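Protein chains in written order, with my numbering: chain A, 1 to 248; chain B, 1001 to 1314.
None of these hints come from the bench; they were simulated from the model.
From a predicted model like this one, the values you see are computed outputs, not experimental measurements.
Heads up, some of the hints might be wrong.
Using 20 Å as the maximum straight-line C-alpha spacing, the simulated DMTMM-like pairs for lysine to aspartate or glutamate come out as follows [to be verified]:
(1) B:Lys1003 / B:Glu1032
(2) A:Lys152 / B:Glu1184
(3) B:Lys1223 / A:Asp234
(4) A:Lys193 / A:Glu51
(5) A:Lys145 / B:Glu1184
(6) B:Lys1219 / B:Glu1310
(7) A:Lys52 / A:Glu182
(8) A:Lys216 / B:Asp1141
(9) B:Lys1304 / A:Asp234
(10) A:Lys225 / B:Glu1292
(11) A:Lys145 / A:Glu182
(12) A:Lys245 / A:Asp234
(13) A:Lys233 / B:Glu1287
(14) B:Lys1223 / B:Glu1310
(15) A:Lys216 / B:Glu1139
(16) A:Lys228 / B:Glu1292
(17) B:Lys1304 / A:Glu237
(18) B:Lys1284 / A:Glu237
(19) A:Lys145 / A:Glu44
(20) A:Lys245 / B:Asp1275
(21) A:Lys228 / B:Asp1285
(22) A:Lys228 / B:Glu1256
(23) A:Lys52 / A:Glu147
(24) A:Lys233 / B:Asp1295
(25) A:Lys233 / B:Glu1308
(26) A:Lys245 / B:Asp1295
(27) A:Lys233 / B:Asp1301
(28) B:Lys1284 / A:Asp234
(29) B:Lys1126 / A:Asp213
(30) A:Lys245 / B:Glu1256
(31) A:Lys225 / B:Glu1256
(32) B:Lys1126 / A:Asp123
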Amino acid sequence: MKILVGYKRVVDYNVRIQVKPDGTGVVTDGVKLSANPFDDIALEEALRLREKGVAEEVVLVGIGPADLTAHLRNGLAMGANRAIHVVTTDAVQPLTAARVFQKLIDKEQPGLVILGKQAIDDDANQTGQMLAALWDRPQATFASKVEIADGKATVTREVDAGLEVIDAELPAVITTDLRLNEPRFIKLPDIMKAKSKPIDTIELGSLGVEANDHLKTTHYAAPAKRSKGVMVKDAAELVAALKQKGLL
Amino acid sequence: MSKILVIAEHLGGKLNPSTARAVSAAAAVKPEAIDVLVLADSVDAIAADAAKIEGVSRVLTVARAENAHPLAAVLAPQIAKAAAGYSHVLAPSTTFGKDVLPRVAALLGVAQVSDVMSVEGAHTFKRPIYAGNAIITVEADPTATLVATIRTASWPAATTSANSAPIEALTLDVALPSHTRFVELQSGKSDRPDLQSASKVVSGGRGVGSKENFDIIYKFADKIGAAVGASRAAVDAGYVPSDLQVGQTGKIIAPELYMAIGISGAIQHLTGIKDAGTIVAINKDGEAPIFEIADIGLVGDLFKLIPELEQAIS
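Given the sequences, and given the hints that come with them, work out the whole structure.
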């Protein structure tokens, strides 16, 4: 079985982002970029399935500008067999990303697609679900445990009510939650090895998918700030303050 | 004019309060009608609850055995079919809504607006990005069906006192897939108020120290009638189950009172509580970032302070 893994480049999760004063965007120039943390978890899960003998090949898929290659090399160093780089300078929204994946699925015929549950820049949490719809296959979102046997994935999902277990016949789309696994660190020799692994580049336009903005962002703003709080000196004072506000 | 379809969320034959929050957001669009769609195996009790929500015009029900569990692959084609004639399809931005609605959007060939915080116009909304560190205004195509999830923490629940909307059974001619099957739900059942809808929440973090020590948080929460939450650190350390996690990757909540005990206040946690009415922080480290957003802060040892608080309350 072949596994496709989505690999998005985002502003590093440790960066405290700044909104531009004119409201046209957030500052991304000179800001550290990294793999979306949920995508590292997706890649790790695919690698573990390959190590268990469930899959033979793990293929990374990145959509982005020419310099995305360096980032895909990191995923190859982590252990992916090869990468597909869909080249576009436009920002790609989830519906477009899902359509791109659908085209690649037609070509690659994977048994499983693993994506992160959401990208930490747009926080959309849509691409995996949209892909499963276009592909007309099962989806198992927010996965915290995946077991594959007898042509199906048994997936434990983190839902508001607790943990839900579902069976999904393969091929299927799985999106990863935080607790699925702990991604491995990249070792130096693997970075060297990754340089010789293949990266196919495909122009987005050649896939017959348009990168149009389905949603237009007209303004960016910083969130409303909370007013400065007060410190109290002991438990009695805290209880008095809460009683005064009618909260106890 | 707008006609809105709100997808009801329910569990164990009961309507989830998040549905009434989605109805509030629907009302802000000022539509000519708000219909609620109930997909279940047994719809009567859920539909009766939905009919009471202020602002609901009709409750539409689809009773099918396949709808016994909320499987997106099964529900989405039915919702997409039922969406015909509606300008908007909305669902709460809970794990249920997040799972099913993008699948509906893709079936309809349209984009989705996730986590609507405010309605600026029938097709213009505000939503958070970058873990709530920026708020964007987005415009959707006014000629397409608008599909959106509603950030429940940003909307009050519509009242349920005066309305009695008509309930109509709907027959949808849709073939349903059998490739996805429900196995089981392991729920962290408790008698405490539900974390997402509680007016008071007491959360513990790494500072609580152990699973056994977490009892002090449960007891204190019970004393003031609060739900219990936790930071990611406390969940990862195994002190509490993961459905108690509050934060960007857990639940986003907006109670009237939020008490963070032994929680340092990482960005990912603060994202989950930014909209709380009053935030109280109790931490032994006076430099902890949680104090930057707390309305009331108290520096000290939680094991000493909580018994003192309990005494001061009674």
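Structure-based check of all given hints:
{"no.": "1", "hint": "B:Lys1003 / B:Glu1032", "verdict": "holds (6 Å)"}
{"no.": "2", "hint": "A:Lys152 / B:Glu1184", "verdict": "holds (16 Å)"}
{"no.": "3", "hint": "B:Lys1223 / A:Asp234", "verdict": "holds (19 Å)"}
{"no.": "4", "hint": "A:Lys193 / A:Glu51", "verdict": "holds (18 Å)"}
{"no.": "5", "hint": "A:Lys145 / B:Glu1184", "verdict": "holds (14 Å)"}
{"no.": "6", "hint": "B:Lys1219 / B:Glu1310", "verdict": "holds (9 Å)"}
{"no.": "7", "hint": "A:Lys52 / A:Glu182", "verdict": "holds (16 Å)"}
{"no.": "8", "hint": "A:Lys216 / B:Asp1141", "verdict": "holds (9 Å)"}
{"no.": "9", "hint": "B:Lys1304 / A:Asp234", "verdict": "holds (11 Å)"}
{"no.": "10", "hint": "A:Lys225 / B:Glu1292", "verdict": "holds (11 Å)"}
{"no.": "11", "hint": "A:Lys145 / A:Glu182", "verdict": "holds (12 Å)"}
{"no.": "12", "hint": "A:Lys245 / A:Asp234", "verdict": "holds (17 Å)"}
{"no.": "13", "hint": "A:Lys233 / B:Glu1287", "verdict": "holds (15 Å)"}
{"no.": "14", "hint": "B:Lys1223 / B:Glu1310", "verdict": "holds (8 Å)"}
{"no.": "15", "hint": "A:Lys216 / B:Glu1139", "verdict": "holds (5 Å)"}
{"no.": "16", "hint": "A:Lys228 / B:Glu1292", "verdict": "holds (7 Å)"}
{"no.": "17", "hint": "B:Lys1304 / A:Glu237", "verdict": "holds (15 Å)"}
{"no.": "18", "hint": "B:Lys1284 / A:Glu237", "verdict": "holds (17 Å)"}
{"no.": "19", "hint": "A:Lys145 / A:Glu44", "verdict": "holds (13 Å)"}
{"no.": "20", "hint": "A:Lys245 / B:Asp1275", "verdict": "holds (17 Å)"}
{"no.": "21", "hint": "A:Lys228 / B:Asp1285", "verdict": "holds (18 Å)"}
{"no.": "22", "hint": "A:Lys228 / B:Glu1256", "verdict": "holds (17 Å)"}
{"no.": "23", "hint": "A:Lys52 / A:Glu147", "verdict": "holds (11 Å)"}
{"no.": "24", "hint": "A:Lys233 / B:Asp1295", "verdict": "holds (14 Å)"}
{"no.": "25", "hint": "A:Lys233 / B:Glu1308", "verdict": "holds (12 Å)"}
{"no.": "26", "hint": "A:Lys245 / B:Asp1295", "verdict": "holds (12 Å)"}
{"no.": "27", "hint": "A:Lys233 / B:Asp1301", "verdict": "holds (12 Å)"}
{"no.": "28", "hint": "B:Lys1284 / A:Asp234", "verdict": "holds (12 Å)"}
{"no.": "29", "hint": "B:Lys1126 / A:Asp213", "verdict": "holds (17 Å)"}
{"no.": "30", "hint": "A:Lys245 / B:Glu1256", "verdict": "holds (10 Å)"}
{"no.": "31", "hint": "A:Lys225 / B:Glu1256", "verdict": "holds (17 Å)"}
{"no.": "32", "hint": "B:Lys1126 / A:Asp123", "verdict": "holds (13 Å)"}
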